[in-house]
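Undergrad: Next come the chains, spelled out residue by residue.
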Amino acid sequence: MTREEKLQLLSELCLEFGPTGSERYVAKVIKEKLGDIEYTVDRLGNIIVHIPGEGAPKLMVSAHMDEVGFIINEITDDGYLKFDTLGGIDPRVMCGKYVTVEGKEGFIPGVIAAKAIHHQNADERKKVTPHKSMYIDIGATSREEAESLTEPGNSATFDSEFVIFGEDGAFIKSKAIDDRIGCAVLLDLLGRLPKNCPFDLYFCFTVREEIGLSGARTVAHAIDPDFCIVLESTAVADLPDVPESRRVAKLGDGCAISLRDNATIYDRDFVNFALEAAKKKGVAAQIKKYVSGGNDAGSIHRSVDGVRALAISVPSRYIHSPANVISTADYLSMSELVLAIIENGKEL
Amino acid sequence: MELEKLINSLSALMSVTGHEGNGKAELESLIGAGFDESFTDAVGNRFFVKRCGREGAPKILIDAHMDEIGLIVSDIKDDGFLTVAPIGGVDLRTLQAGDVVIYGKEKIFGVVGSTPPHLRRPDEGNSLKEATELLIDTGYSKEKLSELVRIGTPVGFKPVYRHLFGSRIAGKGFDDKSCAACAVMGISRVAREELAGDVYLMLSSREETGMFGGAAPGAYSIAPDYAMVIDVNLGKTPDTSKSETVAVGGGASLTLCPVTDRTMNKKLIALAKEKEIKTQVCVTGGSTGTNASAVNLAGAGIPCVDVGLPLKGMHTATEVLDLEDAESVAALVALFVSTKDLTEVTA
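Residue numbers (my numbering), protein chains in the order written: chain W, 30 to 377; chain V, 174 to 520.
Each statement offered as a hint is correct.
Estimated spans, in silico, between C-beta atoms of each pair:
#1 W:K155 with V:S416: 22 to 28 Å
#2 W:N102 with V:S247: 38 to 44 Å
#3 W:L288 with V:E199: 52 to 58 Å
Just a sample of chain V residues kept apart from chain W, beta carbon distances all over 10 Å, derived:
#4 G207
#5 T382
#6 F385
#7 D398
Stretches of chain V that chain W covers, calculated by requiring three or more beta carbons in the stretch to come under 8 Å of a beta carbon on chain W:
#8 284–298
#9 405–411
#10 490–501
Since the hints were made in silico from the structure, they are not lab data.
Ideal Cβ positions, reconstructed from N, Cα and C, are used throughout, including at glycine.
Just chain W, with the same shape it has in the complex:
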């Protein structure tokens, strides 16, 4: 894929609808992209592509399809939608944002709202409004109107543009870069695998990461891999008002390799091997320098009799918001880093 094609692919995947539990929309796009490549779908909705390597160790490479979002839990008499969150979203990034709501037929636009600043008292203006005090306005004026359009149990995502911005287009802003970027890299890699691949490969597009690292758990059980690489985006804060010790990683310095996070202690030999492979191929990589977050590796590495785990993440500012920001170069280097590891796999 050319640079343009890679950016187009990421844009298409990020803008697709797929909050946790409603991955079927983005899954459909991924299946279309797989084209002639054979895949299976398990009972939870995970998509698995097996590239056999006889007698070789099993390597599972995974990315989750779901994104954080909202689920409608009530329609009010005056036609507003009350909601709960799917995954961890700070209420500070919800209010006043556009959302796309899963309708009875197709998608409908909406706005997350709360009472206007003019009606807030001095105390309210300084405090976070909890999401339970917000509602989605879809333009309906009555329960009947709203019920004709959608229903409780339907979900919603942020409605946010995909923008390439900054000096020479060095950055990308979008919703759902977490973790459509991993999905994009898997799709890119499928056409670029070496002929004598030293692994029995399983590429997995998983469901329900944002709530309990769930989908990956059952896939890993079915595959029983020897190794896993989780492709992710990780929260960083390389900002001028954050002390160096809490910045996690820096955008533009390559993908981040985790030593540990709140769900996994990674295989140290695998980490060192990955860093060495990156160096050999001249691909930028950095170590994630802060213990935070967690990803599908948390459930994969403890599955069956244990799996040697590695996480490669594109450093991302403001994740779990309508505006994730990443470095374009970091994204483009992610496939190269994974390829470097696979190509040198015999030495692992």
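Following the hints, complete the assembly by docking chain V onto the known chain W.
TA: Positioned in the frame of chain W, the structure of chain V alone reads:
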């Protein structure tokens, strides 16, 4: 719909208070054709005049403010981050993770920074950052950014427009450019010979920052015989009471209070009913909270009515209004500029 298009076009212009002149050429090309002349005064009010062609005809002022809330660059930090100060009553709960445009030498896209739950510290509790504590992420180097942006460069919400269900629409800057669009549309629907007088449309400056508004000097210099001030009005939401709001979909609101003219209000409400223009009243004990309070006391005093377009989410990037209400406001403007002897007491 013609009115929807104009609301969208006007609202998309950046007109953060103090920078109302930013879209001057676009504004002229959007609405200028329907007027005889246009000019800007010393405080940034933009006037569009449509004459009735009769000597000694009364002067009618229609006011809608052109400015919108926003941000202004206060400093340029390392790695292309900007700090900002608020202009007007920016709703802090809605800024983080929003898209903005920095109107420097070039238009620059920016994201308002936020902290993900993964990196939030427990001691932050439910506190909300002040506007001055936020960082705007531009993706530029400090060096390059300094060539394009300086302290004082305005920052506006990136315009994104959505048509919601039915006749409801969402976007930024509806306060008060949706009303400006209604005024233009209303005036354009009345033929010159049908006008009750010479109509001065004042797209006034500096309303959002309160005390320094352009409406007072603007109304003074025109010295109209009577005036209509049009502004968005707080629409009813689930978390507010009926008495402190107006109904979205309930039509144009007319404010009954000591500031507004009782005779004109009564006549307009009766005439609107005759013409089947949907109106509702909004009652307040003191000031209108709009330019009407300033226009009313300009010069030797100007009888005025205060018309509201119901709006939800006021001062956010996703304000919501009902186009049917907007049509009612436009119709009321047309009625206002075409009705003779509006101020005359007949009862």
